[in-house]
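2 protein chains.
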Amino acid sequence: MHSPSPIIKSSLIEPDGGELVNLVVPEIERASRVLEAQALPKVSLTNIDLEWAHVISEGWASPLKGFMRENEYLQSLHFNSLKTTKNGSSIVVNMSLPIVLAIDDETKERIGCSTHVGLLSPNKVLIGILRGIEIYKHNKEERIARTWGTTVDGLPYVDEAISKGGNWLIGGDLEVFEPIKYNDGLDDYRLSPQELRNEFERREADAVFAFQLRNPVHNGHALLMNDTRRSLLEMGYNNPILLLHPLGGFTKVDDVPLHVRMEQHTKVLEDGILDPKTTIVAIFPSPMHYAGPTEVQWHAKARINGGANFYIVGRDPAGMPHPTQNRDLYDPDHGKKLLSMAPGLDKLHILPFRVAAYDIVHKKMAFFDPSRAKEFEFISGTKMRSYAKNGENPPEGFMSPSGWSVLANYYQTLQTEDC
Amino acid sequence: MHSPSPIIKSSLIEPDGGELVNLVVPEIERASRVLEAQALPKVSLTNIDLEWAHVISEGWASPLKGFMRENEYLQSLHFNSLKTTKNGSSIVVNMSLPIVLAIDDETKERIGCSTHVGLLSPNKVLIGILRGIEIYKHNKEERIARTWGTTVDGLPYVDEAISKGGNWLIGGDLEVFEPIKYNDGLDDYRLSPQELRNEFERREADAVFAFQLRNPVHNGHALLMNDTRRSLLEMGYNNPILLLHPLGGFTKVDDVPLHVRMEQHTKVLEDGILDPKTTIVAIFPSPMHYAGPTEVQWHAKARINGGANFYIVGRDPAGMPHPTQNRDLYDPDHGKKLLSMAPGLDKLHILPFRVAAYDIVHKKMAFFDPSRAKEFEFISGTKMRSYAKNGENPPEGFMSPSGWSVLANYYQTLQTEDC
Numbered sequence: 001m002h003s004p005s006p007i008i009k010s011s012l013i014e015p016d017g018g019e020l021v022n023l024v025v026p027e028i029e030r031a032s033r034v035l036e037a038q039a040l041p042k043v044s045l046t047n048i049d050l051e052w053a054h055v056i057s058e059g060w061a062s063p064l065k066g067f068m069r070e071n072e073y074l075q076s077l078h079f080n081s082l083k084t085t086k087n088g089s090s091i092v093v094n095m096s097l098p099i100v101l102a103i104d105d106e107t108k109e110r111i112g113c114s115t116h117v118g119l120l121s122p123n124k125v126l127i128g129i130l131r132g133i134e135i136y137k138h139n140k141e142e143r144i145a146r147t148w149g150t151t152v153d154g155l156p157y158v159d160e161a162i163s164k165g166g167n168w169l170i171g172g173d174l175e176v177f178e179p180i181k182y183n184d185g186l187d188d189y190r191l192s193p194q195e196l197r198n199e200f201e202r203r204e205a206d207a208v209f210a211f212q213l214r215n216p217v218h219n220g221h222a223l224l225m226n227d228t229r230r231s232l233l234e235m236g237y238n239n240p241i242l243l244l245h246p247l248g249g250f251t252k253v254d255d256v257p258l259h260v261r262m263e264q265h266t267k268v269l270e271d272g273i274l275d276p277k278t279t280i281v282a283i284f285p286s287p288m289h290y291a292g293p294t295e296v297q298w299h300a301k302a303r304i305n306g307g308a309n310f311y312i313v314g315r316d317p318a319g320m321p322h323p324t325q326n327r328d329l330y331d332p333d334h335g336k337k338l339l340s341m342a343p344g345l346d347k348l349h350i351l352p353f354r355v356a357a358y359d360i361v362h363k364k365m366a367f368f369d370p371s372r373a374k375e376f377e378f379i380s381g382t383k384m385r386s387y388a389k390n391g392e393n394p395p396e397g398f399m400s401p402s403g404w405s406v407l408a409n410y411y412q413t414l415q416t417e418d419c
Numbered sequence: 001m002h003s004p005s006p007i008i009k010s011s012l013i014e015p016d017g018g019e020l021v022n023l024v025v026p027e028i029e030r031a032s033r034v035l036e037a038q039a040l041p042k043v044s045l046t047n048i049d050l051e052w053a054h055v056i057s058e059g060w061a062s063p064l065k066g067f068m069r070e071n072e073y074l075q076s077l078h079f080n081s082l083k084t085t086k087n088g089s090s091i092v093v094n095m096s097l098p099i100v101l102a103i104d105d106e107t108k109e110r111i112g113c114s115t116h117v118g119l120l121s122p123n124k125v126l127i128g129i130l131r132g133i134e135i136y137k138h139n140k141e142e143r144i145a146r147t148w149g150t151t152v153d154g155l156p157y158v159d160e161a162i163s164k165g166g167n168w169l170i171g172g173d174l175e176v177f178e179p180i181k182y183n184d185g186l187d188d189y190r191l192s193p194q195e196l197r198n199e200f201e202r203r204e205a206d207a208v209f210a211f212q213l214r215n216p217v218h219n220g221h222a223l224l225m226n227d228t229r230r231s232l233l234e235m236g237y238n239n240p241i242l243l244l245h246p247l248g249g250f251t252k253v254d255d256v257p258l259h260v261r262m263e264q265h266t267k268v269l270e271d272g273i274l275d276p277k278t279t280i281v282a283i284f285p286s287p288m289h290y291a292g293p294t295e296v297q298w299h300a301k302a303r304i305n306g307g308a309n310f311y312i313v314g315r316d317p318a319g320m321p322h323p324t325q326n327r328d329l330y331d332p333d334h335g336k337k338l339l340s341m342a343p344g345l346d347k348l349h350i351l352p353f354r355v356a357a358y359d360i361v362h363k364k365m366a367f368f369d370p371s372r373a374k375e376f377e378f379i380s381g382t383k384m385r386s387y388a389k390n391g392e393n394p395p396e397g398f399m400s401p402s403g404w405s406v407l408a409n410y411y412q413t414l415q416t417e418d419c
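One line per chain: the protein sequences are R and E, in this order. So that you can map any letter, position 419 of the first sequence is 419 in UniProt numbering, and since no number is skipped, the others follow by simple counting. So that you can map any letter, position 272 of the second sequence is 272 in UniProt numbering, and since no number is skipped, the others follow by simple counting.
Check each hint, because a few of them may be wrong.
It does not matter which identical chain is used: a pair holds within one copy or between any two.
Think about it this way: if two alpha-carbon atoms lie no more than 25 Å apart in a straight line, the pair counts; the simulated PhoX-like pairs of lysine-lysine are [stated by the list, open to error]:
{"id": "1", "residue 1": "137", "residue 2": "108"}
{"id": "2", "residue 1": "86", "residue 2": "347"}
{"id": "3", "residue 1": "336", "residue 2": "137"}
{"id": "4", "residue 1": "364", "residue 2": "374"}
{"id": "5", "residue 1": "347", "residue 2": "336"}
{"id": "6", "residue 1": "83", "residue 2": "347"}
{"id": "7", "residue 1": "65", "residue 2": "337"}
{"id": "8", "residue 1": "137", "residue 2": "337"}
{"id": "9", "residue 1": "83", "residue 2": "336"}
{"id": "10", "residue 1": "337", "residue 2": "140"}
{"id": "11", "residue 1": "389", "residue 2": "181"}
{"id": "12", "residue 1": "336", "residue 2": "140"}
{"id": "13", "residue 1": "124", "residue 2": "389"}
{"id": "14", "residue 1": "140", "residue 2": "42"}
{"id": "15", "residue 1": "383", "residue 2": "140"}
{"id": "16", "residue 1": "337", "residue 2": "86"}
{"id": "17", "residue 1": "42", "residue 2": "108"}
Rather than coming from a laboratory, the hints here were simulated on the basis of the structure. Treat the numbers as computed from the prediction; the structure is a model and nothing was measured.
Here chain R stands alone, though its shape is the one from the complex (with noise of 0.2 Å):
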């Protein structure tokens, strides 16, 4: 049993608004509100709902107290941004993702005219309330055309969350008995916002740079996180510690799944190719999107809430192929243009990823170089994979031996199966 942790005066970054959103009761409350819920009308939430609640919960979006309302709706949809108030004072805070919870026309009729409604776990399990509910239209092709730029089929969060979703949204105050846990073995690395910023604190962190990443660490990331910690270095920072944040929730069936993803970063730290000592490895919960430019600012703003000041980005973040075309969904550069630019994003330090690639002289991964460009190998996630799935060695230096054996089992064991 968790209870919430204290709040620690820092001297890391504000969060959003200027306070860390915490929505889980106390554990003294606890009983009361469960049985509170059992007499309201039930909304059943999906795996990706309760990714939500997880992420809403424990501040990642902080300011923002429960799903949206319309108007938290409407603001994120077209402005990427929410107006709030600090001290008093009207401040812009990023809010680039819709977050919301559906809800059939069976739901709405259900819950007629109360006010809260409790939240049903997808197993089943009351795990919280909402409160001071408002239940507003779906119009979900309005919702996919804004935060996607584009309608076309095959979206993976589209198919999996918004089709399959109801016609209405219901926003309101959320509550959550307890943190939301998964019990998959993983919950330990799955640290909240505050729970990380008690650990940059307690490591005496002078800048924290976050590392959002969905697939297998190699060396050519590797190479790119040390070398941020050495600029940072010459920047004058004593202590800068490296938040390696691999993203927990949703991801599309083709990607490295998050348990195989841990044991990978887990041998890349053993191994040393990064320093434990200046690197906190955690789960970052929020579901994928694949909406790029869009997504990007979501995945950076939520870090800032995790107490990083300083964000990696790369090509083409959260970007995915066309689902039709032969081609990207997004622009490769549209993401850090737009992270420069973003409303409410300015107190985060951007730093654009250098390109790296494989070095066939020198046998390692290094940053290009275009003046012997002939000399670099270029090595694609899906040519990764294909080296994975026919049981091959990517070339030495690729990877970190013990890391890669975590993915050529994985890649072998789906091949069996597969037969």
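The hints should help you fit chain E onto chain R, whose structure is shown.
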């Protein structure tokens, strides 16, 4: 020949960015600039492009100084606003529509490495120069999805201006050699933002309330405008001036054409339905997107530059019927809601429409009274047009009789031409 109007020190609302952009070349430099343009690669403008050049050159889009470069385009598309500076401080101005110039592959090829291009009007006359150009990809689907929130077939501006447009956008700083004119007998109504401001100063307006329209004025509109003036007087303003500001650029084929509307508006003022002493009728030169809640922000923002500090907003502003479904394309309340939350529009007072309808008992347009709902009739644009087409009169008191004659004659002529 016009010279740019002198900037008058004004107590009116400040234009966006602090200064009204005026991109018309001073007369003394005109000859040399034309000579320069003759030697440059040329870009041909469509009618809609020319309307935008007009809009930009007069400062309706201040502080925008030309067709958007990619950074401006992306901010407009994703944030409906632009970051800029005023007196060294960072500010945000509203900018909800991408104001862009599309070129095709062949034109891009022809421009080559030139940094400036000459602009040719649809009549093949050199009208200006675009300087410091930047050419970037025109992802039409993304532009449409993010601007309209739908990619459905049948959006009038998309069909007219985007689908046919080239695969590239060209941004840069605009200058035009002379104020843009259309020689259609209506140019005198096309007052620039500076000319409007001068006129408001001359009349010693202490409040300016703008009414955007693209339809004939009926007595319900007039009631609303007169009631707004009464409210402003009650609020303590001494001389509120109404800017009756019909949109003059591209409209869809079944809208009433500009010259008919202008004639109708003139009759309404002649009949004293609106008071000429406290009303300025002028043409807003922008083309129409029919992009609902996204476009209404543009309509409001441009009127800030035109000197208005109050903006009247109705049901479903800048909306239209869904092209393929039996419903409005946009939620009719979203426009009003977004205006109240949009970045950069804080300084404009938004005045929501009260609903007017035909009061059958008192034979006049009146504010709808739900307690005697049955005594009201809603006369839609479609119904109004069907009266005019069938040679019938609308109910007494719906519209000034001489204003109605203008409409009736137009639709009768149309039918004759159809036969």
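Original post:
Are there hints from earlier that the structure breaks, and if so, what are their numbers?
Top reply: Numbers 11, 13, 15 - these are the hints that the structure violates, sorted from lowest upward.
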